[in-house]
Structure formats: C-alpha cells, structure tokens
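Model the full assembly from the supplied sequences, consistent with the hints where possible.
Here is how the chains run, residue by residue.
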Amino acid sequence: MGIGPAQSLLGAVRLTVKERDLSTSAELVAAVKEEMKAELAGPVTLARAETAPTIWLFVGVNGVGKTTTIGKLGKRLTDQGDRVVMAAGDTFRAAAAEQLGTWADRCGADLVRGEEGGDPSAVIFDAVSSAAAKGADIVLADTAGRLHNKANLMEELAKVRRVADKGDGTVTEVLLVLDATTGQNGLQQARQFTEATEVTGVVLTKLDGSAKGGIVFAIRSELGIPVKLVGLGETAVDLVDFNSDEFVDALFA
Amino acid sequence: MFESLSDRFDGIFTRLRGKGRLSEADVDEVLREIRMALLEADVNLEVVKALQERIRERAVGEDLSRSLNPALQVKKIVLEELTQTLGGETLRITYASKPPTVVLMAGLQGSGKTTNSAKLAKWFKAQGRNPMLVGADLQRPAAVAQLRTLAAQIDVPVFSASDEVVLSGVGDPVDVARAAVAEARRLGRDVLIVDTAGRLAIDAELMAQVRQISDEVQPDYTFFVVDAMTGQDAVSVAESFHATLELDGVILTKLDGDARGGAALSVKEVVGRPIAFASTGEKLEDFDLFHPDRLAGRILGEGDLATLIEKAEGAFEQDQAEEAAARLMDGTFTLEDFLDQMQALKKMGPLSGVMSMLPGVPKEVRDVEIDDRQIARVEGIIKSMTPEERSKPEIIDNSRRDRIAKGSGSSATDVTQLVNQFKQMRQMMQQMGGNKFAKRKAKKAKKGKKGGGRVTAKGPVQVDKKAFAFPTLEEMEAQLPGRGGSAGSETLP
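In order, the protein sequences belong to chains A and B. My numbering numbers the first residue of the first sequence as 3 and each following residue consecutively. My numbering numbers the first residue of the second sequence as 3 and each following residue consecutively.
No lab work stands behind these hints, which were simulated from the structure alone. For clarity, every value in this text was computed on a predicted model and none was experimentally measured. From the three backbone atoms N, C-alpha and C, an ideal C-beta is built for every residue, glycine too. There could be a bad hint or two in this list.
Chain B stretches covered by chain A per the calculated footprint, using a threshold of three residues with CB under 8 angstroms from any CB of chain A [what the hints assert, rightly or not]: (1) 39-50; (2) 101-115; (3) 206-217; (4) 231-238; (5) 251-265.
Sample of chain A residues facing chain B (criterion: CB under 8 angstroms; computed from the structure) [unchecked claim]: (6) 5; (7) 8; (8) 97; (9) 105; (10) 151; (11) 186; (12) 187; (13) 190.
Put into structure tokens, the structure is as follows:
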C-alpha cells in the first residue's frame, strides 16, 4: 500500500493502542483494521447531473478494464431503467469501438463511434449531443488507455474532459480505472490523471485475482479520492459497489 | 516521493566517509535502504530478502579504504547483482526442425498479449521468417478483430474461428489452436504465434484450458507476458503460470511507463527463465530484445541513460540538431530554431521524465517542479510571432509585442521576458561557442558516427557529449522564463 501511508497508519494505530490499553495481537490487528476501514470508507454513489444527460468519463492506463467496466455499468443502468449511450472515445486501439459495440449490444445501449484514428473529443461530443437529442439519461464515455507519463496524451485527455462538458451534458464523474495488480505506480497514475482531469472516484478492477489492490489506500489518503466500484470478473454482472469493510478484511485474509 | 538509491545512500555514506571497511552494522544500514528502494520499485518482499543476503555477502568486509566514493562502490555491487539476476542468459530463439515453430502467449488480462503477439510477428518477419498469428482469445469482445487489424498492418495472416463462432461465444480456443497448426503446415508458415485470452492465475478452469491449448500445440516457446507496473502479486502469478505451462521466457510490457519495473526482478527470480523481450510503446515497432542493465538502473531509480540517448536520437534528427547548434554558436540561432528544439524536446516526454533518466542529476535539480506547461507557454508565444520576428527579435516593438501577447494568451511582460532571455542566451552561446564548436563539428564530421554511451553492468560509461551537439537540457531549462540559472550541474561518472 505504500511505505508512507503504512507508516502514518501505524502512527494512528499506536495512539489507539495507548488510548484503549490494548495488549493482545488480535486486538492490535483489529485496531489496524478499524483504522483502515475508517480511512477508506466513503460515499460510493455516482453523481448525476441536474439535467440530463449525465456524463461519466472513464480514464486510465492501458489494459486496466475501462471498456469492460463500461459494459458492466451499462448493464446495471439499463436494468434499472436508464437509457444509456456509450461513446467509443478510444479512437486509437485497434477494434476498440467494436469491443465497446459488443457491450452496447448486450445491454441495449446506444453506441456512438467515430473513425479509427479520429478525434476522441469529437466522438464524445457527438455522443452527448445524440444523447440529449434522444433524451437519454447517461453517457458512458470510454477513452484510450494511456500512460500517465506521456505529456501529449495527458494533454489530449484534458482536452477531452473540457470538450465533454461543453455540450448539452455535464460531466459528473471522472472515474479512474485501476488494475488491482498494479503496484506503487498506481499512486502516480492517480496523481497524473487527477491533474489532467480531476478524478472523482476509482474503479478497482480484477480484484477477483490474487492481488489485493492496497495502493487505493495511498490514493485515498494522499489525494482524497474514494474507491466507488470494484470489478470482480469479466462478465456484465461482475461489478459491485466498494465496501471498505470487506476490502480491508480481504487485505488481511 | 520515490527516492533513488543514490539519494538514500547520500546520508549514510557521508557519515561512513573515511572508514576503511564496512562493519556489519554499516552494511545493515545500507541494506535497509536498499530494501526500501526495492520495495518502492515493486520488487516482491521475498525476492528482496534473497537479494539482500547476496548483497550482504559481497558488501561485508568490502575494502573501501581505497575508494574515494564508497557509495558508488556499494551501488555498483547492487547494480551488478540486479543485472545478474535480471540477465544472465539472453534467450536465443532456435527454430523447430519440423516447422512451424510454435510460440504460445500467456498472461493476465490486460498485460498486452494481443499487441505483443503482433509485435512478435513483426519481429520474426524482420528475422526473415514467415509467421502466422492465431486468434485464440475467444473470450474478450473483439479480441480477434483487434489481432486482425494489427496483423493487416504488417501483412501477416491471422487464423481464428469464423466470425459467427467468435461472436456467438461458443468457440473453443483449443480447437482453434489445433486447427491453426494444421493450417500453418498447409500454408508453409514457419512460425506460429498463438494469442490466448487473459486469465487469472487462480482461475483453475481457465488455467486448465491454457494447459490444454499448450498440450495441443506443443509450443516451442511459451512466453509469459507481464505488465511492468505489476506489484507484489507478480510472484504468485508467475509461479502459477510456470507450474501450469513451463514458461520459456518473459515479455515485459509497457516499459514506456514510469513504473520502476521491480516485478520483472520478482518474476525472473521465480521463473528462472530469461526476460526475452521488452515492449516500450503502443506501436508495433516499439519492441526489442531485453536489456537487463537498463532495467537494473531503472529499478534503483538510477536513471536510464541508454534509453534517454535512444529517445534523444529519435526525437532530434542528428543533422538538424547539428545545424541548429552551429547556428547557435555563430549567433544566427533564431526563435524558430528554439521552437524546433522545444518541440523535439516535447517528443521525448515530460521534462521531469527525461530528467529522471539522467543518472547523477542532483536531487535538488530533479525535484524541481519542471513545468511542462511553461514550455507550452513559451511555445505559444513563439508561434504567435511572424517568421521575421522569430529570426530577428530585435524588431519586436511595443505594438508587435502586444499583438504577440494577445495571440498567445500571455502577458506583454511574458513576451518581453522571453525575448530578452533569448537574446541573452544567444549572446552567451556566441561567446561560448565560436571556435570550440567549429573544431568539434569538424571532428564529428570526420568520425561520422552517431555516438552515444551504453550503460553496462559496471555502471554508466562516459557519454560522448558530442553525440548531442545541441544545448544541454540544463542550458535550455535555465532559459525558460521564470527560471534562474542552472540549479545544479549534470555530472556523469
């Protein structure tokens, strides 16, 4: 989870141990868990705009599961009666629009796509216009995976964020999709993506694997960004709201 | 913030200066710093412990009495140990006597298998081979479509199930793999690269499936594709894949990120097979044989000079750079040239990233917030100038200055500052350069090679600065508006 956050966590726990006069190791572990759960707890609702359409933007490095997450979220939303538009804002990756298109078909969402190699901002803007025209509720905007240390790509993403807001919809969530197997680099990812687009929440994916995703702790403590969703597999139903109790218990398992 | 091993050692070794041998206690302290550095770099804890022991053996009793720089000596040991662990043997591909040579790609979801299957195909083609790709990922939507699109770029055929089967989701990758081998023989393709679906190491069913695929195609090479930013979990994943498939090598991907890459070390320790290839970008040509010494330096946060040189050589056209430098030295360097240089510099990536690749750059310089937005602002100002203004900034009067300021969204003061600083720099370069550069240029012309140093296991070699032939980064950085002179100097060991 990061040496720094670990140290400050232990500092907090030391105080608790003193206050409550804890003595057994079981009590100690419980105290640590409690502290961590408190730190990670937070609202997991995804914000909606006052007037439709709401736009949720998905960002992150390559291969983390942005498109798949959109697919899952699309299903959740359409199941509860929302009208969803998916924007194929990844105009770089081969067959990215086809991939998102498959997910749109699976849940009955509309897909708006452009040419491969085209301008992602334009695709998303068009998707928002289309959503507004149709009276859709939510636009789920995919973006190309990009490494956060590439200045020109991050600039492009910042532009995407700005343009997305310019039309008829409002961006109410910028979700950073983070792979649970990522190590310390996850914190740097969070920093850079937040600087470019003001990340509002984290989707932690692939948590069904053996990786624990402890870096979200550092992301919360340093940047104040909460984890809102957790990905637990590759099918449409494998998406749950983040639960800090369960997460911390799993960390210690 | 992540400290490099150098930074960590700074404190300790100042105190140890003058001591002859390192005592056990001294070594313990040093080892503690090494451990922190490696953990921050995502090396698995167990692997770190094993490494620590090996380093301890070498370091205790190490005679530093003759050494002017004991920190450097210990760093060398650590670097050598890491390079040894990461490298050792290079994988040499030996082709099957009865074609095709079958290559199986396996790994977690999102590690880069599909992209790297295509990259590998391109690589084999460059070796004079006749590869065919197999789209055996029937799980991920549009995975086969992705492979087909990439393969078309390099004119390599793809074999997979039919589109209907792929879309229906009932296809069996084992069947596809089996049929692919037969097809490869029929078509006379001598290399077959099988892309598979990403799978969790703990997913028993899918691990059994990939085992089946492997049994079916009898791969000559099974490559484990690993994302360079993988954390502590790398070990258990590698162990599981190795137990299931008997890996022959590792392909490390997304090395163009800024993750230290410690996972590579963990995987290598556990699997004991060479890291064969390194993938350094999203394009198909961003793929090469792996260099253990470069990654060793990177893991320790020591900078990656060789990669930096490559990037620089890529971003700056050698002859353009020389011409620009010549103009700089004789005073005809223009703001247009400056703009070119800045744009080339931008291509290398964010300045902080570039700075981090320079070994020996003092902490104070590296930690300075190098604001790429400032560069963007300077660029904006120059772009708002007419070509005449760029080559003769003397003509910029108040009205021109105001126009430029308006056009670039900056203030009149910013514009004046930039022009003045540029004039100062030009004058300074003229005074500095003159004969010195003319001689250098003549010498280079005779040599006619690109130059550039290489980082070896013994540490970075003296870089041939002539290879650069344009203002150094500190010189340029020092000329950015708002910056003073250089905060430190780049020292190359």
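| request: State whether the coverage of the segment 231-238 of chain B by chain A holds or is violated, taking the criterion as 3 or more residues with Cβ-Cβ distances under 8 angstroms. | output: holds (count 7)
| Should the interface hint for residue 190 of chain A be scored as holding, given a Cβ-Cβ cut-off of 8 angstroms against chain B? | Constraint on residue 190 of chain A satisfied, holds at 6 angstroms.
| said: Please check whether residue 105 of chain A passes as an interface residue: C-beta within 8 angstroms of a C-beta belonging to chain B. | reply: Residue 105 of chain A check passes; min Cβ-Cβ to chain B is 7 angstroms, inside 8 angstroms.
| said: Is the interface hint satisfied for residue 97 of chain A? The criterion is a beta-carbon contact with chain B at less than 8 angstroms. | reply: holds, 4 angstroms
| field | Interface hint status, residue 187 of chain A versus chain B (Cβ within 8 angstroms) | value | holds, 4 angstroms
| message | When I compare C-beta atoms, does the segment 206-217 of chain B have three or more residues closer than 8 angstroms to chain A? | response | Contact hint for the segment 206-217 of chain B vs chain A: violated, 0 residues under 8 angstroms.
| field | Coverage of the segment 39-50 of chain B by chain A (three or more Cβ within 8 angstroms) | value | Result for this restraint: holds, n = 4.
| field | Interface hint status, residue 5 of chain A versus chain B (Cβ within 8 angstroms) | value | Holds. Min distance 7 angstroms.
| said: Given a cut of 8 angstroms on the nearest C-beta pair, is the interface hint for residue 151 of chain A held or broken against chain B? | reply: holds, 4 angstroms
| Mind checking, does the segment 101-115 of chain B have 3 or more residues with a CB under 8 angstroms from chain A? | Result for this restraint: holds, n = 5.
| request: Under 8 angstroms, Cβ to Cβ, is where residue 186 of chain A needs to be relative to chain B, so tell me if that hint holds or is violated. | output: Hint holds; residue 186 of chain A Cβ to chain B Cβ min 6 angstroms, cut 8 angstroms.
| request: Grab the minimum C-beta distance from residue 8 of chain A to chain B and call the hint holds if it beats 8 angstroms, violated otherwise. | output: violated, 10 angstroms
In the structure shown, a violation is registered for the earlier hints numbered 3 and 7, in ascending order.
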